[in-house]
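These protein sequence lines are chains A and B, in that order. Mapping of the first sequence onto the numbering used here: position 20 corresponds to residue 50, and the numbering continues sequentially without gaps. Mapping of the second sequence onto the numbering used here: position 11 corresponds to residue 365, and the numbering continues sequentially without gaps.
A portion of the hints provided could be inaccurate.
Far from chain A, some chain B residues (derived; all Cβ distances over 10 angstroms) [claimed, not checked]:
{"hint": "1", "residue": "Phe371"}
{"hint": "2", "residue": "Arg372"}
{"hint": "3", "residue": "Gln407"}
{"hint": "4", "residue": "Glu413"}
{"hint": "5", "residue": "Thr414"}
{"hint": "6", "residue": "Gly467"}
{"hint": "7", "residue": "Gly499"}
{"hint": "8", "residue": "Asp537"}
{"hint": "9", "residue": "Ala545"}
{"hint": "10", "residue": "Leu664"}
{"hint": "11", "residue": "Met722"}
The calculated DSS-like cross-link candidates involving lysine-lysine, where the alpha carbons are at most 30 angstroms apart (straight line), are [stated by the list, open to error]:
{"hint": "12", "chain 1": "B", "residue 1": "Lys678", "chain 2": "B", "residue 2": "Lys708"}
{"hint": "13", "chain 1": "B", "residue 1": "Lys708", "chain 2": "B", "residue 2": "Lys674"}
{"hint": "14", "chain 1": "B", "residue 1": "Lys708", "chain 2": "A", "residue 2": "Lys88"}
{"hint": "15", "chain 1": "A", "residue 1": "Lys136", "chain 2": "A", "residue 2": "Lys45"}
{"hint": "16", "chain 1": "B", "residue 1": "Lys674", "chain 2": "A", "residue 2": "Lys136"}
{"hint": "17", "chain 1": "B", "residue 1": "Lys678", "chain 2": "A", "residue 2": "Lys136"}
These are calculated hints, taken from the structure and not from any lab test. All values derive from a computational prediction rather than experimental measurement. C-beta atoms are modelled at their ideal positions from N, C-alpha and C, and glycine is treated no differently.
Here is what each chain is made of, one letter per residue.
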Amino acid sequence: MPNYLLLLHLTPPTKDDLTNMSPEQIQAVIGDYMAWRNKIQDDGVYVASSKLRDEGGKFLSGVNGDFRVTDGPYTESKELVGGFFVVSAENYDEAVKISQGCPHLKYGGRIELREIEPTP
Amino acid sequence: MTPAQTSQVSDSLDHLFRHHAGQMVSVLSRIFGVGNIDAIEDSVQDALVAALQKWPFGETPDNPRAWLIEVAKNRLYDRLRREKRSDSIDDETHELIDLHDRTRDTHFVGEFGEDELKMIFACCHPAVPPDSQVALTLKTVGGFGVGEIAAAYLAKEEAVAKMLSRAKQKLRSGIRFEVPAGDELKPRLDAALRALYMMFNEGYAASTGEALIRRDLCFEAVRLARIIAGHPVTASPKVHALIALFCFQAARLSARSDDRGDLVLLSEQDRSLWDKHMIAEGIEHLRRSATGDELSDYHLEAEIASCYALAESFETIDWKRILKCYDLLQSGRYSPVVELNRIIAFGRVNGAEKALEELSRLGENYLMTSFNFFHLTRAYFLAELRQNERAAEAYRRAADLTRNDAVARFIQKRLAEISKIS
Numbered sequence: 031m032p033n034y035l036l037l038l039h040l041t042p043p044t045k046d047d048l049t050n051m052s053p054e055q056i057q058a059v060i061g062d063y064m065a066w067r068n069k070i071q072d073d074g075v076y077v078a079s080s081k082l083r084d085e086g087g088k089f090l091s092g093v094n095g096d097f098r099v100t101d102g103p104y105t106e107s108k109e110l111v112g113g114f115f116v117v118s119a120e121n122y123d124e125a126v127k128i129s130q131g132c133p134h135l136k137y138g139g140r141i142e143l144r145e146i147e148p149t150p
Numbered sequence: 355m356t357p358a359q360t361s362q363v364s365d366s367l368d369h370l371f372r373h374h375a376g377q378m379v380s381v382l383s384r385i386f387g388v389g390n391i392d393a394i395e396d397s398v399q400d401a402l403v404a405a406l407q408k409w410p411f412g413e414t415p416d417n418p419r420a421w422l423i424e425v426a427k428n429r430l431y432d433r434l435r436r437e438k439r440s441d442s443i444d445d446e447t448h449e450l451i452d453l454h455d456r457t458r459d460t461h462f463v464g465e466f467g468e469d470e471l472k473m474i475f476a477c478c479h480p481a482v483p484p485d486s487q488v489a490l491t492l493k494t495v496g497g498f499g500v501g502e503i504a505a506a507y508l509a510k511e512e513a514v515a516k517m518l519s520r521a522k523q524k525l526r527s528g529i530r531f532e533v534p535a536g537d538e539l540k541p542r543l544d545a546a547l548r549a550l551y552m553m554f555n556e557g558y559a560a561s562t563g564e565a566l567i568r569r570d571l572c573f574e575a576v577r578l579a580r581i582i583a584g585h586p587v588t589a590s591p592k593v594h595a596l597i598a599l600f601c602f603q604a605a606r607l608s609a610r611s612d613d614r615g616d617l618v619l620l621s622e623q624d625r626s627l628w629d630k631h632m633i634a635e636g637i638e639h640l641r642r643s644a645t646g647d648e649l650s651d652y653h654l655e656a657e658i659a660s661c662y663a664l665a666e667s668f669e670t671i672d673w674k675r676i677l678k679c680y681d682l683l684q685s686g687r688y689s690p691v692v693e694l695n696r697i698i699a700f701g702r703v704n705g706a707e708k709a710l711e712e713l714s715r716l717g718e719n720y721l722m723t724s725f726n727f728f729h730l731t732r733a734y735f736l737a738e739l740r741q742n743e744r745a746a747e748a749y750r751r752a753a754d755l756t757r758n759d760a761v762a763r764f765i766q767k768r769l770a771e772i773s774k775i776s
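If we strip away everything but chain A, and leave its shape as in the complex, we get (with noise of 0.2 angstroms):
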């Protein structure tokens, strides 16, 4: 069965959003994204999942043999990815079917869905 890559993007929520959250709402959220993973796990069509530091990342791009760093990838949009999950599915309307579920849709955030590439 192909995996299924989950690129969650979002637009990082102000200061004052995060100041204003109380711990019970906090706790809410984490209780979302838990137990979608739980159920992802026990449907067993999890494999993987990880946390992208929010502060730092590059962009590195080769110029004439010699290469060029910047910094991003703030400076490339307001929108960045927080972290991505893998998942297996048969196809992409059973992959779409599982990141419905992801609450990350509910909190405003966007989901990217791709196939992975199998090794051969």
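Let chain A serve as the given structure and place chain B on it in line with the hints.
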């Protein structure tokens, strides 16, 4: 889930972060000084936000509490250093930090309990205005957010934030982080218990705020009272009486309103919804309150609450005993609101007619005539005497004075019943 289980769950899982937040603020106040309360609260928030950003992706630490406090402590350390106040972190504090590191995993509960106790006393210090003590305690020890406190009080968030910042100024003005001792103990313990009593009543009152958050206030008051009762210096019969009172009242919370949020009269409540664990805990604390020779108002109120909670049915409630407790309460410090409750018990013992006579005497107090429950009580006894027109008039006056939707619906229901009979 059975109702019996809910109180335990709401204690452990439901408000994990809230409790963590309160414990972190308390333990950091001990280590870094309660004068740094603003930096402490900010750092605790940092730690919770760090969890919010990391944990959804599966990097949940084995010991979440230890992880959170470690992050909060480091952020606070950085923050204080950045504010060039590192000189305020003296050797003793360094020592405390080391000690804290060593004991982190083994003595969490006991250690936190004492820190939370000291934090309660700091928030209820006489220097803090009494009307801000409850909000400050909810914010710091309780881990409630400003929005949640505002919802419970039906107040504006800005107003609550302003009140809290004024109260925190007092915390910064040299209040000591301690369990009071000697002559100071009694008045300060009384002040803390009064604040918890107010916190509970704020949650229990049917007239204000959002139902869910008010419920949380009740259980928070119970949790904090348990902390006071759990410390050898502050445990006293009066504290046990207060917890007994809380337990008996809180046990009936889920039966007090139906699925639509409508009020359910005590006589019509489904007793199988009462929390039996809470009632058992109430009995235990009532037993422990019966030592010593002080008979506090909390003792009397706890006994009244026990009469309701322990009666087999509404019909077997011991109204005589309740009336006696109210008489004793009123002989101490008279209150017109308590008088209203006394008259209800009086009416159950001596009949509706005599109760109405007492009510008209109480009605000479002009404050009472603008109190909806006064008219509700009159209507109740008038309806019992089948004086339906006068009862309907009293219900309508109560309705005019009611701003709470649930109470308003309750009154309309009674009015409809009366008009059906007559």
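Need the list of violated hint numbers for this structure, in ascending order.
Violated hints (numbers, rising): 1, 2, 3, 4, 5, 7, 14, 16, 17; every other hint is consistent with the structure.
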